[in-house]
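Protein chains in written order, with the working numbering: chain A, 1 to 213; chain B, 1001 to 1656.
Think of the hints as simulated: they come from the structure by calculation, not from any bench. Don't be surprised by glycine CBs; every beta carbon is placed ideally from N, CA and C. Where hints are given, some of them may not hold.
Said to hold, decoys possible - Lysine-lysine pairs mimicking DSSO-like chemistry, simulated, CA-CA at most 30 Å apart:
no.: 1; chain 1: A; residue 1: K34; chain 2: A; residue 2: K104
no.: 2; chain 1: B; residue 1: K1589; chain 2: A; residue 2: K34
no.: 3; chain 1: B; residue 1: K1307; chain 2: B; residue 2: K1454
no.: 4; chain 1: A; residue 1: K185; chain 2: B; residue 2: K1589
no.: 5; chain 1: B; residue 1: K1214; chain 2: B; residue 2: K1362
no.: 6; chain 1: A; residue 1: K34; chain 2: B; residue 2: K1221
no.: 7; chain 1: B; residue 1: K1522; chain 2: B; residue 2: K1577
no.: 8; chain 1: B; residue 1: K1004; chain 2: B; residue 2: K1308
no.: 9; chain 1: A; residue 1: K34; chain 2: B; residue 2: K1308
no.: 10; chain 1: B; residue 1: K1526; chain 2: B; residue 2: K1454
no.: 11; chain 1: A; residue 1: K183; chain 2: B; residue 2: K1589
no.: 12; chain 1: B; residue 1: K1522; chain 2: B; residue 2: K1042
no.: 13; chain 1: B; residue 1: K1214; chain 2: A; residue 2: K185
no.: 14; chain 1: B; residue 1: K1308; chain 2: B; residue 2: K1214
no.: 15; chain 1: B; residue 1: K1308; chain 2: B; residue 2: K1221
no.: 16; chain 1: A; residue 1: K101; chain 2: B; residue 2: K1567
no.: 17; chain 1: B; residue 1: K1308; chain 2: A; residue 2: K183
no.: 18; chain 1: B; residue 1: K1526; chain 2: B; residue 2: K1043
no.: 19; chain 1: B; residue 1: K1307; chain 2: B; residue 2: K1567
no.: 20; chain 1: B; residue 1: K1307; chain 2: B; residue 2: K1362
no.: 21; chain 1: B; residue 1: K1006; chain 2: B; residue 2: K1043
no.: 22; chain 1: B; residue 1: K1577; chain 2: B; residue 2: K1221
Stated by the list, open to error - Have a look at the derived ranges for each label pair, beta carbon to beta carbon:
no.: 23; chain 1: A; residue 1: S120; chain 2: B; residue 2: V1025; range: 23 to 31 Å
no.: 24; chain 1: A; residue 1: G153; chain 2: B; residue 2: E1011; range: 30 to 38 Å
no.: 25; chain 1: A; residue 1: S160; chain 2: B; residue 2: E1090; range: 53 to 61 Å
no.: 26; chain 1: B; residue 1: S1631; chain 2: A; residue 2: G102; range: 17 to 25 Å
no.: 27; chain 1: B; residue 1: E1092; chain 2: A; residue 2: G50; range: 41 to 49 Å
no.: 28; chain 1: A; residue 1: I43; chain 2: B; residue 2: L1350; range: 25 to 33 Å
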Amino acid sequence: MAHAVSTPAGAHGGHGAGHGGGHHDDHHDQESMKMFGFWLFLITDVILFGTLFATYVVLRLNTDGGPTGAELLEMNGIIISTFILLTSSFTSGIAVLEMNKGNKRGLILWLAITAVLGASFIYLEVNEFMHLVHEGANIGTSAYWSAFFVLVGTHGLHVSLGLVWMIALILQIRRRGITPVTKRKIGIISLYWHFLDVVWIFVFSIVYLMGVM
Amino acid sequence: MLDKIKDFASEFFVTGDPLILGAQVSIGLSVVAIIFTLTFFKKWRWLWTEWLTSVDHKKIGIMYIIASILMLFRGGVDALLMRVQLAAPEVEFLQPDHYNQIFTTHGVIMILFMAMPLMFGLFNIVVPLQIGARDVAFPFLNSLSFWMFFFGAMLFNVSFIIGGSPDAGWLAYPPLSELSGSPGLGQDFYIWGIQISGIGSLATGINFIVTILKMRAPGMKLMQMPMFVWSVLSSCVTIIFAFPILTVTLFLLFIDRYLGAHFFTLDGGGNPMMYINLIWMWGHPEVYIVILPAFGIFSEIVSAFSKKKLFGYKSMVFALMSISFFSFFTWAHHFFTMGSGANVNAFFALTTMIIAIPTGVKIFNWLFTMYRGRIRFTTPMMWTVAFIPCFVVGGMTGVLLSVAPADFQFHNSYFLIAHFHQVLIGGVVFGYFAGLYYWWPKMFGFRLHEGLGKWAFWFWNIGFYVCFMPQYALGLMGMTRRFNEYDFDMGWQPLNVVSTVGAFLMGIAFIFQVWQIAHSIKFFKKEKDGDAWDGRTLEWSIPSPAPLYNFARLPQVTSQDEWWEEKQRIANGQPAKPLAPLEPIHMPKNSGIPFIMSICWFIAGFGFVWDWLWMAIPGLVGVAVCMLVRSFSYDTDYYIPVDEIERTEAALRGTK
Chain A
1 MAHAVSTPAG AHGGHGAGHG GGHHDDHHDQ ESMKMFGFWL FLITDVILFG
51 TLFATYVVLR LNTDGGPTGA ELLEMNGIII STFILLTSSF TSGIAVLEMN
101 KGNKRGLILW LAITAVLGAS FIYLEVNEFM HLVHEGANIG TSAYWSAFFV
151 LVGTHGLHVS LGLVWMIALI LQIRRRGITP VTKRKIGIIS LYWHFLDVVW
201 IFVFSIVYLM GVM
Chain B
1001 MLDKIKDFAS EFFVTGDPLI LGAQVSIGLS VVAIIFTLTF FKKWRWLWTE
1051 WLTSVDHKKI GIMYIIASIL MLFRGGVDAL LMRVQLAAPE VEFLQPDHYN
1101 QIFTTHGVIM ILFMAMPLMF GLFNIVVPLQ IGARDVAFPF LNSLSFWMFF
1151 FGAMLFNVSF IIGGSPDAGW LAYPPLSELS GSPGLGQDFY IWGIQISGIG
1201 SLATGINFIV TILKMRAPGM KLMQMPMFVW SVLSSCVTII FAFPILTVTL
1251 FLLFIDRYLG AHFFTLDGGG NPMMYINLIW MWGHPEVYIV ILPAFGIFSE
1301 IVSAFSKKKL FGYKSMVFAL MSISFFSFFT WAHHFFTMGS GANVNAFFAL
1351 TTMIIAIPTG VKIFNWLFTM YRGRIRFTTP MMWTVAFIPC FVVGGMTGVL
1401 LSVAPADFQF HNSYFLIAHF HQVLIGGVVF GYFAGLYYWW PKMFGFRLHE
1451 GLGKWAFWFW NIGFYVCFMP QYALGLMGMT RRFNEYDFDM GWQPLNVVST
1501 VGAFLMGIAF IFQVWQIAHS IKFFKKEKDG DAWDGRTLEW SIPSPAPLYN
1551 FARLPQVTSQ DEWWEEKQRI ANGQPAKPLA PLEPIHMPKN SGIPFIMSIC
1601 WFIAGFGFVW DWLWMAIPGL VGVAVCMLVR SFSYDTDYYI PVDEIERTEA
1651 ALRGTK
């Protein structure tokens, strides 16, 4: 039923395409508006993480006599997962390049590689959490560990949601190819993915590097 | 088996209080009556297709307003119950625990479930019309925002009859709100009710920023936007910076209560002061979020009913923006007495006082707009005029409170209570009432009865002063907030009785308003012309109520107060702007997903409150499924053909 009623020429597919020569585009280029809306959403996510970081920094010394981060955190695993996440940001960039070239297969391939890297990151994180719990540090151990698990876990939750979203987009690209709408969707997920990378750099520096020092 | 069910029911339902039993019975009867009426008149389909799934900003706005008026009623009844108790504490009308629940729910409901939705309702109805747009930027998200607010509010309200109300104050300070202080379910209802509706508010903030920045009619520059639109923009900017803090704060409190974490507990290294800082980093900007749009409303009304351009437009814009900026540097004035140290207190005292400067600028701008204007004292204008002295006094008592050393005396006293009710009722409530009266004809196509409106106005105003002026005195006499009893020999009773009488006068005023609406519906007189008040801005250039697509042709804007200027041009004999040919209009399709997804949120929230994972997890899965279904649906809009627009326009304007 899409646009069954008197669809003006040129408006099919991309809603941003506008219609009629020279007229004002009355639907205000919805794809660019959605992109702008997503930037605003990212601002709110920055504040969300900022609040969690502030909480962590305030509570970082409140171990209540329990284990400290320096005692339990293992940097080797973290460096590997950092490397994996940074690489996935790079591969998601290649996916966008492939999309701009109009290469649907390349786009799907690089998105899939990104998703696999993201899933490995989550796998390592879950392993790390299980290890910590095994060593006697869980969310209720002390304020320090509460702040640690919630901050790192919120990032992990974001990555996991991004994974589900990315798989959904791969399916949509397979079905619909590269259109203005799917282009915008890929643009948004890649923005989101880079954003999570930036957040992780802060997690890595503030939680891990400063934590073990 | 029967005993088990009985046990469960006595835990599930709140029992043992005749007031609540009465409420339970009346809520049950109302639900039955609503279901019966809808079924009898075969209105279910109509309700679903016209309202529940609607993505039309005007209908969403109306639903917001209906919900908020219901909440005003509930919050108002809470207020009257408290006032009855305080007028005659020896009678023990309310038990202490019940009293705690009532002041908590009164605060939460009035700010989050009355003021916020009333504000969003006005945003929705007015902003697209004022900027000459056909909808908001993200109509689907807009509907989702509404339903998340609605089901969040319902989740909060249901605690009254199921499980028990929260009783730790409207901002739920730990350790009172921790498991140790509030072992019952009330606090969990609080967390999830506010969390769900708060996410909706955040989305509204994003939606309206994009709408205002990207969807203005061709030619409308930022500095030509109506002042209400500016006020909405400043409010939304504040929302997107403040609400994520609330989301995190409530989430951390939930983790504390649910998983035994130690963010805010007294043991395990937690820090309750952390919570108090965080909640006020959201909470103080929040009060500016609700007042800023009221400033916009007053600006529109003052200018329309004085027949003058708004005085000091640019300074007004600057004042709005600086208030939204400074609102983030005032939070610590809420706990001057909690040992922050002299330098910190001095900093926050100064930043708090600074807010008075742009606010003063605005007051003078409104006065100068009225000066030598041709003023018409209609109900919206009366509310605006009444607001000015009320808000000035409220603002000045605020400055007194912002003096840190003096605050050690005023802190948590009835002086404070009187102050914030004066700015919130005198500013926000008066402002939104003014806005409702002003835009009512635009919303529904008929006017409200002015005479009854004036009765309501006087009862509200006199009731307000009778209620709150004695409270300043009571505060100075040493009466503090949040207790339900005091001894006769304190000498507070006479003033408390006066205050209670004032509260009831405001209750009568509310009845007048209900009567006013009912009367105006009964003697319905269709607005023949869309321009009910001889208005100045674009919303008055189209029929009332506005058609689905608002503007058949997008207006070309060349000046501030475009519609007024156009009328002037035509009156001066200049030709009207040539009409562009009609084109098919691109509109979003209705969708049931926002409604269903919000119900899933409600189910998830209810499950977490009761610690029923079998309920919470399917709820969250439902949310995820709804999001995926939406992501996979590409058929989300359609075009209204030209002949349909022609027919609609002819029908709407034919009677002219």
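The hints, checked one at a time:
For the suggested pair K34/A and K104/A, the alpha carbons sit about 22 Å apart, so the restraint of at most 30 Å is met. Of the supplied pair hints, the one linking K1589/B and K34/A holds, its CA atoms being roughly 17 Å apart against a limit of 30 Å. This hinted pair checks out: K1307/B and K1454/B have alpha carbons roughly 21 Å apart, not beyond 30 Å. With a C-alpha separation of about 20 Å, the suggested pairing of K185/A with K1589/B holds against the 30 Å cut-off.
For a cut-off of 30 Å, the pair hint linking K1214/B to K1362/B stands: about 27 Å separates their Cα positions. For a cut-off of 30 Å, the pair hint linking K34/A to K1221/B stands: about 21 Å separates their Cα positions. The suggested pairing of K1522/B with K1577/B is violated, with an alpha-carbon distance near 39 Å, which exceeds 30 Å. About 71 Å separates the Cα atoms of K1004/B and K1308/B, which puts this hinted pair outside 30 Å; it is violated.
Proximity of K34/A to K1308/B is assessed by CA-CA distance (about 38 Å); at most 30 Å being required, the pair is judged violated. This hinted pair checks out: K1526/B and K1454/B have alpha carbons roughly 21 Å apart, not beyond 30 Å. Our distance criterion of 30 Å between C-alpha atoms is met by K183/A and K1589/B, whose separation comes to about 22 Å. The hinted pair formed by K1522/B and K1042/B meets the criterion: a straight-line CA distance of about 22 Å does not exceed 30 Å.
Between K1214/B and K185/A, the direct Cα distance comes to roughly 19 Å. Compliance with the 30 Å bound is thereby established for this hinted pair. Distance restraint check for K1308/B and K1214/B: the Cα-Cα separation of roughly 28 Å lies within the 30 Å cut-off, and the hinted pair is therefore satisfied. At roughly 20 Å between alpha-carbon atoms, K1308/B and K1221/B fall within 30 Å of each other, so this suggested pair holds. Restraint check for K101/A and K1567/B: the C-alpha separation of about 53 Å exceeds 30 Å, so the hint is violated.
A hinted pair counts as satisfied when its Cα atoms are at most 30 Å apart, and K1308/B with K183/A does not qualify at roughly 48 Å. For the suggested pair K1526/B and K1043/B, the alpha carbons sit about 24 Å apart, so the restraint of at most 30 Å is met. The hinted pair formed by K1307/B and K1567/B meets the criterion: a straight-line CA distance of about 13 Å does not exceed 30 Å. Between K1307/B and K1362/B the alpha-carbon distance is near 18 Å, which keeps this suggested pair within the 30 Å criterion.
About 36 Å separates the Cα atoms of K1006/B and K1043/B, which puts this hinted pair outside 30 Å; it is violated. Between K1577/B and K1221/B, the direct Cα distance comes to roughly 19 Å. Compliance with the 30 Å bound is thereby established for this hinted pair. One distance hint, 23 to 31 Å for the beta-carbon pair S120/A and V1025/B, is violated here, with the actual separation near 58 Å. Hint check: G153/A to E1011/B, Cβ distance near 32 Å, so the stated range 30 to 38 Å holds.
One distance hint, 53 to 61 Å for the beta-carbon pair S160/A and E1090/B, holds here, with the actual separation near 59 Å. Between S1631/B and G102/A, the C-beta spacing of about 23 Å keeps the proposed range 17 to 25 Å intact. Hint check: E1092/B to G50/A, Cβ distance near 48 Å, so the stated range 41 to 49 Å holds. Restraint check, I43/A to L1350/B: a C-beta distance of roughly 27 Å satisfies the suggested window 25 to 33 Å.
The earlier numbered hints that this structure contradicts are 7, 8, 9, 16, 17, 21, 23.
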